[in-house]
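Let the hints inform the model, and build the full structure from the sequences given.
Protein chains in written order, with our numbering: chain U, 232 to 372; chain H, 232 to 372.
Fair warning: there could be bad hints in the mix.
Here are the simulated DSSO-like pairs of lysine-lysine, each with C-alpha atoms no more than 30 Å apart in a straight line [claimed, not checked]:
(1) K344(U) with K348(H)
(2) K354(U) with K348(H)
(3) K370(U) with K348(H)
(4) K354(U) with K370(H)
(5) K344(H) with K370(U)
(6) K344(H) with K354(U)
(7) K344(H) with K344(U)
(8) K370(H) with K344(U)
The hints are simulated quantities; they were obtained by calculation from the structure and are not laboratory data.
Given the structure is predicted, the values throughout are model-derived calculations rather than measurements.
Number of protein chains: 2
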Amino acid sequence: MRIEEDKLRDYLKSKGLKFTPERQLILKEVFSIHRHFEVDDLFIRMRRRDNRISRSTLYRTLRLLVECGLLREVLFEERHSHYEHILGHEHHDHLLCLGCGQVIEFSNSSIEKLQSKVCGEYKFQPQGHRLQITGYCRKCR
Amino acid sequence: MRIEEDKLRDYLKSKGLKFTPERQLILKEVFSIHRHFEVDDLFIRMRRRDNRISRSTLYRTLRLLVECGLLREVLFEERHSHYEHILGHEHHDHLLCLGCGQVIEFSNSSIEKLQSKVCGEYKFQPQGHRLQITGYCRKCR
DNA sequence: ATCCAATTGCAACTAAAACTCAATAGCAAC
DNA sequence: GTTGCTATTGAGTTTTAGTTGCAATTGGAT
Ligand SMILES: [Mn+2]
Ligand SMILES: [Mn+2]
Ligand SMILES: [Zn+2]
Ligand SMILES: [Zn+2]
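Listed below in structure tokens is the structure:
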């Protein structure tokens, strides 16, 4: 709770932006969610607690949280964004079950190394990547 | 030109659907494009040739072409779909330059094998995957 | 305490895609 | 070839996700 707030405060200060009550509330709610979430999940949770933050402010603040490295945007096979914490989580990729919608996280350092190798071959400077395998989980296959 | 038309015809027949002039025109235009394209590219190209197909029909037909295995939907870092041919192209993944927007295709069988291995570990039955590396190409780095 | 730039919420807007529906047209059966 | 049923079409409307403009408000540096 302190670490993420500090990180946001530092980022905002460095850009001449302000740490508002709205941003504090959103940050708190975001870090009380321990799974992938979407904007509307957040909106509804905040409404339940009677924190009446507008959707505009949510969208604007989530962008800031991604920029300052607290969150990552995750695109599943849908037309809207999902988010997950970066702070306190190792990099990973996703298996996505088409049956039950379950998301399984995995990480594989050999794959990561081979990705670097591919980038080297193309003289491409990687900045990030997204690996997503769709299919059916143990229960749904 | 024959092979893709046969594939579409077969698929349509198997589903009790019809091979209409509109679908034929769209198929022809789609296979005259030899790069990634989006719906509006297709729409504009067809207008230029005075093939006045509605956007609704384009959206509906592209879905059919994906279903029957002629096209693949590709999601770059944008909020709308792109497409590419499957017929006559090996499976590949993409490097995406954030500078110039260039898309570089690559394929790496070791990565593919490791993906299978990961799926095995989770008893996950893969159906497809998407690997996208963002960064900067040789010219833009 | 003052002041100005940043922020907020709301409404209006946008882009991509899906849906509704009346008119039309494949195509299989006769 | 005609008929009839169902799929298809285009135009317009709706939905979804997100962005933008703006007037009122406020954080926080001085
Ligand atoms: Mn995750
Ligand atoms: Mn490609
Ligand atoms: Zn499942
Ligand atoms: Zn480039």
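Checked hints:
About 16 Å separates the Cα atoms of K344(U) and K348(H), which keeps this hinted pair within 30 Å; it holds. Simply put, K354(U) and K348(H) have alpha-carbon atoms about 28 Å apart, close enough for the 30 Å limit, and the pair holds. Of the supplied pair hints, the one linking K370(U) and K348(H) holds, its CA atoms being roughly 18 Å apart against a limit of 30 Å. Taking the CA atoms of K354(U) and K370(H), the gap is near 9 Å; set against the 30 Å cutoff, the hint holds.
Among the hinted pairs, K344(H) with K370(U) is consistent with the structure: their alpha-carbon atoms are about 23 Å apart, no more than 30 Å. For the proposed pair K344(H) and K354(U), the alpha carbon gap of about 24 Å is at most 30 Å, so the pair holds. With a CA separation close to 14 Å, the supplied pair K344(H) and K344(U) stays within the 30 Å bound. As the CA atoms of K370(H) and K344(U) are separated by approximately 23 Å, the hinted pair is consistent with the 30 Å bound.
When each numbered hint is compared with the structure, no violation occurs for any of them.
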